[in-house]
Amino acid sequence: MARGLPKQKPIAGVKQVIVVASGKGGVGKSTTSGTALCLCSKSVGLLDADVYGPSIPKLMNLKGNPELSDNNLMVPLTNYGIPCMSMGFLVEDVAPIVWRGLMVMSAIEKLLRQVDWGSLDYLVVDMPPGTGDVQLSITQNIPIAGAVIVSTPQDIALLDARRGAEMFKKVHVPVLGLVQNMSVFQCPNCNHQTHIFGSDGARQLADTLGVNLLGDVPLHLNIRETSDRGRPVVVSSPDSPEAEAYRKLATAVVQRLEEVNT
131 MARGLPKQKP IAGVKQVIVV ASGKGGVGKS TTSGTALCLC SKSVGLLDAD VYGPSIPKLM
191 NLKGNPELSD NNLMVPLTNY GIPCMSMGFL VEDVAPIVWR GLMVMSAIEK LLRQVDWGSL
251 DYLVVDMPPG TGDVQLSITQ NIPIAGAVIV STPQDIALLD ARRGAEMFKK VHVPVLGLVQ
311 NMSVFQCPNC NHQTHIFGSD GARQLADTLG VNLLGDVPLH LNIRETSDRG RPVVVSSPDS
371 PEAEAYRKLA TAVVQRLEEV NT
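Going by this note's numbering, the letters in the sequence shown line up with residues 131 to 392, in that order.
Wrong hints could be hidden among the right ones.
Taking lysine to aspartate or glutamate pairs in the EDC-like style, the calculated list, with each CA pair at most 16 Å apart, reads [as the list claims (entries may be wrong)]:
id: 1; residue 1: 193; residue 2: 223
id: 2; residue 1: 139; residue 2: 239
id: 3; residue 1: 137; residue 2: 239
id: 4; residue 1: 188; residue 2: 346
id: 5; residue 1: 188; residue 2: 239
id: 6; residue 1: 378; residue 2: 346
id: 7; residue 1: 145; residue 2: 251
id: 8; residue 1: 145; residue 2: 246
id: 9; residue 1: 240; residue 2: 197
id: 10; residue 1: 300; residue 2: 246
id: 11; residue 1: 193; residue 2: 358
Rather than coming from a laboratory, the hints here were simulated on the basis of the structure. Model, not experiment: these values are computed from the prediction.
When you get a sec, could you build the whole thing from the sequences and use the hints?
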């Protein structure tokens, strides 16, 4: 007898799961996942599902091994008020993760089911790039309130972003919208704006797919430097235009969630 799809089971204590995805690496997906910091009026957790290339420990300035709770679940590490879990907490910093698919699936199952999140309004899941086994496993095993697709404006990134959006539609996960990252560079000396990666490609793709453009995030040195230091721009430079872009993005995500759920 053929086996059916696994039955979706909610994560204990988590009201809604939001996945942040991209078709390819390097487009700013993990940095965008840090938008969770802008949802401080809600209880929010951050799960790094990128087993091969975990970025959240660096981005959130977290190190160490999770402790175990009384019921033998891993306790997330917390910084800036956001509980976080990542495979990066379970392996050495520079150790390569050379695993076959079954081991990766086992790790994902552990991250999904063996973490004590407490009570959360939102769990933001930073997905690995692409449309492979991890994405399918997560979408089949837990109910997902919506997906946020991150892309830069250039054509090669948009092709993969479209594949990602179509995948979520195929597995019946609402696509909340697209984020256009690295949308424009403004010279710090003369304020001239240059669209290094192209202009409005993600906006055009959003129109084609019939989804929202949730926001534009500029290409700015401050975002890169603060992320590398483990102090995201919304924490280290809360009054900057870059931080405001992330706050607007977070507001748009919550608004779309409310629309999807009504």
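Going down the list of hints, with the structure as the test:
1. Using a Cα cut-off of 16 Å, the hinted pair residue 193 and residue 223 holds, with the two alpha carbons roughly 9 Å apart.
2. In summary, the hint linking residue 139 to residue 239 is supported, as the alpha carbons are separated by about 12 Å, within the 16 Å threshold.
3. At most 16 Å may separate the alpha-carbon atoms for a hinted pair to count; residue 137 and residue 239 meet this at roughly 14 Å.
4. Taking the CA atoms of residue 188 and residue 346, the gap is near 24 Å; set against the 16 Å cutoff, the hint is violated.
5. This hinted pair does not check out: residue 188 and residue 239 have alpha carbons roughly 23 Å apart, beyond 16 Å.
6. Between the alpha carbons of residue 378 and residue 346 the distance comes to roughly 9 Å, so the proposed pair stays at or under 16 Å and holds.
7. Proximity of residue 145 to residue 251 is assessed by CA-CA distance (about 5 Å); at most 16 Å being required, the pair is judged to hold.
8. A hinted pair counts as satisfied when its Cα atoms are at most 16 Å apart, and residue 145 with residue 246 qualifies at roughly 14 Å.
9. Proposed proximity of residue 240 and residue 197 is supported: the alpha carbons are some 14 Å apart, at most 16 Å.
10. Taking the CA atoms of residue 300 and residue 246, the gap is about 30 Å. The hint is violated against a cut of 16 Å.
11. With a CA separation close to 14 Å, the supplied pair residue 193 and residue 358 stays within the 16 Å bound.
Of the hints listed earlier, those the structure fails to meet are numbers 4, 5 and 10, in rising order.
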